[in-house]
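Spelled out, the chains give:
There are 2 protein chains.
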Amino acid sequence: MDSDYGVPRELSDLQKLRAEYIPNLPSCLQGSSVGVEFGDRTTTSDPSSDHVIRRLFPHTYGQPLAHFLATSAKGPDAPIIRVGVVFCGRQSPGGHNVVWGLYEAIKAHNSKSVLLGFVGGTDGLFAQKTLEITDDVLSTYKNQGGFDMLGRTKDQIRTSEQVNAALIACQTLQLNGLVIIGGSTSNTDAAQLSEIFAEAGCVTKVVGVPVTLNGDLKNQFVETSVGFDTICKVNSQLISNMCTDALSAEKYYYFIRLMGRKASHVALECALQSHPNMVILGEDVAGSKLTIFDITKQICDAVQTRAEQDKYHGVILIPEGLVESIPELYALLQEINALYKQGVSTEKIPAKLSPWASALFEFLPPFFKKQLLLLPESDDSAQLSQIEMEKLLAQLVETEIIKRTKEGTYKGKKFNAICHFFGYQARGSLPSNFDCDYAFTLGQVCYHILAAGLNGYMATVTNLKNHASKWRCGAAPLTAMMSVKRWSRGSGASSIGKPAINPVKVDLNGKAYELLNQNAAKFLSDDIYRNPGPLQFSGPSADSKTITLCVEDQDYMGRIKELQEYLDKVRSFVKPGCSQDVLKAALSSMASVTDVLSVMTSPSFSGHQPM
Amino acid sequence: MDSDYGVPRELSDLQKLRAEYIPNLPSCLQGSSVGVEFGDRTTTSDPSSDHVIRRLFPHTYGQPLAHFLATSAKGPDAPIIRVGVVFCGRQSPGGHNVVWGLYEAIKAHNSKSVLLGFVGGTDGLFAQKTLEITDDVLSTYKNQGGFDMLGRTKDQIRTSEQVNAALIACQTLQLNGLVIIGGSTSNTDAAQLSEIFAEAGCVTKVVGVPVTLNGDLKNQFVETSVGFDTICKVNSQLISNMCTDALSAEKYYYFIRLMGRKASHVALECALQSHPNMVILGEDVAGSKLTIFDITKQICDAVQTRAEQDKYHGVILIPEGLVESIPELYALLQEINALYKQGVSTEKIPAKLSPWASALFEFLPPFFKKQLLLLPESDDSAQLSQIEMEKLLAQLVETEIIKRTKEGTYKGKKFNAICHFFGYQARGSLPSNFDCDYAFTLGQVCYHILAAGLNGYMATVTNLKNHASKWRCGAAPLTAMMSVKRWSRGSGASSIGKPAINPVKVDLNGKAYELLNQNAAKFLSDDIYRNPGPLQFSGPSADSKTITLCVEDQDYMGRIKELQEYLDKVRSFVKPGCSQDVLKAALSSMASVTDVLSVMTSPSFSGHQPM
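Line by line, the protein sequences are chains A and B.
Residues in the first sequence are numbered consecutively from 6, following our numbering.
Residues in the second sequence are numbered consecutively from 6, following our numbering.
Do not rely on the hints blindly, as some may be mistaken.
Identical copies look the same in the list; a pair holds intra-copy or inter-copy alike.
Okay, derived cross-link-like pairs now, BS3-like style, lysine-lysine, Cα gap no bigger than 27 angstroms in a straight line [claimed, not checked]: (1) Lys357 to Lys527; (2) Lys419 to Lys346; (3) Lys416 to Lys134; (4) Lys21 to Lys550; (5) Lys396 to Lys411; (6) Lys256 to Lys396; (7) Lys294 to Lys21; (8) Lys516 to Lys470; (9) Lys134 to Lys79; (10) Lys159 to Lys375; (11) Lys396 to Lys375; (12) Lys408 to Lys353; (13) Lys510 to Lys527.
Derived by calculation from the structure, the hints in this document are not laboratory data.
With the rest of the complex left out, here is chain A:
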């Protein structure tokens, strides 16, 4: 298998040009020396999960935030270290640059240090198959898409066999650090590994890096994940091309399903970029508990209104996670999943469904039945990329429009739909400048986390909507991003899941969603399609960022730091010896602040979750 790697590559002119691109670095990493400052000890963002996580992660829970800053102080010479890196999640544009950034930082601090890449992803980790990263290996992968420099296999390092194999690999290879590149699943595994390694007295420190095109690894510490920018740009280009096409021919509705797993971040961003007529966000559907018939009716009403304006074309975006957001389909999938867990074989499942689930199942067209019956994925979700929700909706809309035509309520021309699935064709793209810079910086941050001896952290780069020179580098404990899911199982009983870094859904109170909502009516009726065009690497549009990133309030890490500075200032103003008046003012202000915060952080307070 090693022979696959190191095969000479034939780069196009543009690829060669990209290989010469030097990523922008934040100013804190530009100097010769980087220092670390620690913040307060962390909690978890969901207070009700706190005690569970604290109990299960005794070695890695509650560690402080870390901030990396340029220092003039030259520290002692860096020791020789050995680091392993593994691609765990699905391929996302920018992954190679994490490895490159890590390599550059390691070698800059001690040229005798070694970076080993695990060949073939997690399987390579378990089997200790490595490739030493060198300038030569990297030369044709700098700023290039895919994960093909090393390859990837499964997403998970979860079973005790897998965890043991990882432990043995790290010990055998005498690694000081293991860097795990992936999404929420992989970073959940990174949290578990770091705890187990600490428990086992293994010296290998585990660091996670947020790399997932879905954009659903996102929280106070992580503003966006590597790959999301590129994926949204490539998909928006294609969606916009479809809009132009629809408007040129004026006879088709294009139903486009987009990759992005359970959350609708990709669909939301693409809608903000391209202005299609409609986007059906899974979060909206789940929030309003819309059934498949409600959604069909919504689309039909839109088609009918447009027909009254003599418009017979349109573009409708559908996130691949939609199927799990529709209550009755989700319940059906849950039943199927449960039957699989009981060992029921595929062909016997339909007969074992509950009466209502069976009625729904029978109503669905054959192609869709077959897709619902596909074996669930490793994270228990349905095989979202294989379920053609766009086809089901197009068929239901067509049937309903025919019915309305017969009833005389729809008087327009024939409704024509063409279905598409956009996903794979964006995933291997050359990464955007933003993803190149962000990934390269994260890679460097990984080195500084390991150099500081930290275990169970995720590398963070924040303040991303500003120029790269102003980005802030830090690290946040993986446990601080974890939460525990609860399900009610009817009759008052409830069960809880394992602590995990759960994929984050689109925030229906967020600014990106608000922006979409403000424009939804215009998008629907006015065809104000907008084409961001193909991803550019030079010229004014080359450094654009996602709209989601730009409109959201971010820089949580910066604000946490700012708060600390306020607290320090209070302490320095109110040193023993200060006047009675100053002390009194401080006391009454602080009493008021703590009152407000104690209310806001109590479990009964129903304000928005942060972000």
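Given chain A, work out where chain B should sit, using these hints.
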């Protein structure tokens, strides 16, 4: 309906930047004055069709080639003219620039001249729905994709009602010229219209422009068509992303069907750009009379060989025209088509098929049967964009691999295929610099054709592989591109079709095909995937051209002109009064030249057709 047009458009930053792009013009169009020179009278490229075409096109057959050259002589002031322009074919990137180029040339020669765009394509022509083209109308469509400035409807102007409506529109609107933008079908119609207009004494001159993303409007006079460059670049980007993706995950075969109608030009060019593992050209299949089982076997053998190298991924390109290139499927489609023409309804067709066709039909999976039974298109071909040939092949390959696994001949892991259709997502793209320049130049040439009073011509720009300043502008009679198809109907009888500008297939003796053939084995086994990346508008790769264009011998128009210069030189050397020796040398050389040419142009000579 007019209200659709002139709606304010919201352009992205990149679209705005593109709207500022000034297309490059050939030097012959850069001066203030352009002159026309005529070449010899033309024939048709297929000598055996010549008499048919000559008889059916008495007014427009045999007109000379025209060459446009910069002149210093300032001609008389240009008269006021009125010109109509209509989008006929399918939307291809660059279409708007033809209108822009035409507008600029018309207005530069007389600001009182008028350009009318027909709104809604051919339907607008028939109904005399027009929009006067102005700077304001054009401002947001310069260098932009789609045909949405005016829209398009059907491809054809063919029935006598349609032709009459077009004639009445041109007369009513007092047009001096009608410019038809489209592919081979539309330009065939342009030829017919120009003949009928001439016969009817209508003053409107008809000009065709080669605009089709399929790249199949191509002959001695037309080196490539507008849109082909962009489509191939956008598709190559996506195919390359799939290659990177396949190589990263190492577990899927991607079967990708590409738009391009009956010919495989798009698939060939994309293969040369992206180096996928396999491309199945329709022309190859038809040439070797491969059955669907032969093709399945070819793919299975490739999968098996790769499995022996521990490779379980790959990318296979399939042109949408493949289904009509496979002998038995083509025959089946012909039977279905014939039954439709006899008025048989869809559901009754299967029962009326001949025994062998019925056997094949029954063997095919249900989804494919349904697609084969779709009503044929206006040009009698199957609905190629709706027939999922890639899915059929993937299924057949999977079945065969399972069979080989049971027999023990295939020992590898499970074969996994994922199918895609790339077409619509490229068709609305922002046009490449090449397509912007080429289309704008063609638009200007249209003006000069009309100014020269020519009817029944296609605008031509040649020598395209060189820099735009060196391009040659001209015009070729549409009749010179026509041929007549012959079908043998068994038992010695044969029938002939109407003269048409027929879509040109990939030349299996051409240099592009040769290049593919030389590399096919490497592509298959070595995964030397190449990613040309997203279409760039600045930087070194922005001015790249298709490989097909660059490797082929072209500039036929330039060579025809060069030959004329030789003949002129002979005449001037051998003026009466020259020496006996000179005359003798000239005579013997010319005798030898004419001998060779008379052999080469005789019907029995079996050399390659030009191009």
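Verification of the supplied hints:
1. Lys357 to Lys527: neither (46 angstroms within a copy, 51 angstroms between copies)
2. Lys419 to Lys346: between (45 angstroms within a copy, 23 angstroms between copies)
3. Lys416 to Lys134: between (65 angstroms within a copy, 24 angstroms between copies)
4. Lys21 to Lys550: The answer is both: 24 angstroms in one copy and 17 angstroms across copies each meet 27 angstroms.
5. Lys396 to Lys411: within (23 angstroms within a copy, 35 angstroms between copies)
6. Lys256 to Lys396: both (18 angstroms within a copy, 26 angstroms between copies)
7. Lys294 to Lys21: Intra 50 angstroms, inter 41 angstroms, cutoff 27 angstroms: neither.
8. Lys516 to Lys470: within (14 angstroms within a copy, 49 angstroms between copies)
9. Lys134 to Lys79: For Lys134 and Lys79, neither the intra-copy (37 angstroms) nor the inter-copy (77 angstroms) Cα distance is at most 27 angstroms.
10. Lys159 to Lys375: Close inside one copy (24 angstroms), not across copies (38 angstroms); limit 27 angstroms.
11. Lys396 to Lys375: both (13 angstroms within a copy, 16 angstroms between copies)
12. Lys408 to Lys353: Classified as between; 25 angstroms across copies, 34 angstroms inside a copy.
13. Lys510 to Lys527: Intra 25 angstroms, inter 45 angstroms, cutoff 27 angstroms: intra-copy only.
The structure fails hints 1, 7, 9 (numbered hints given earlier, in ascending order).
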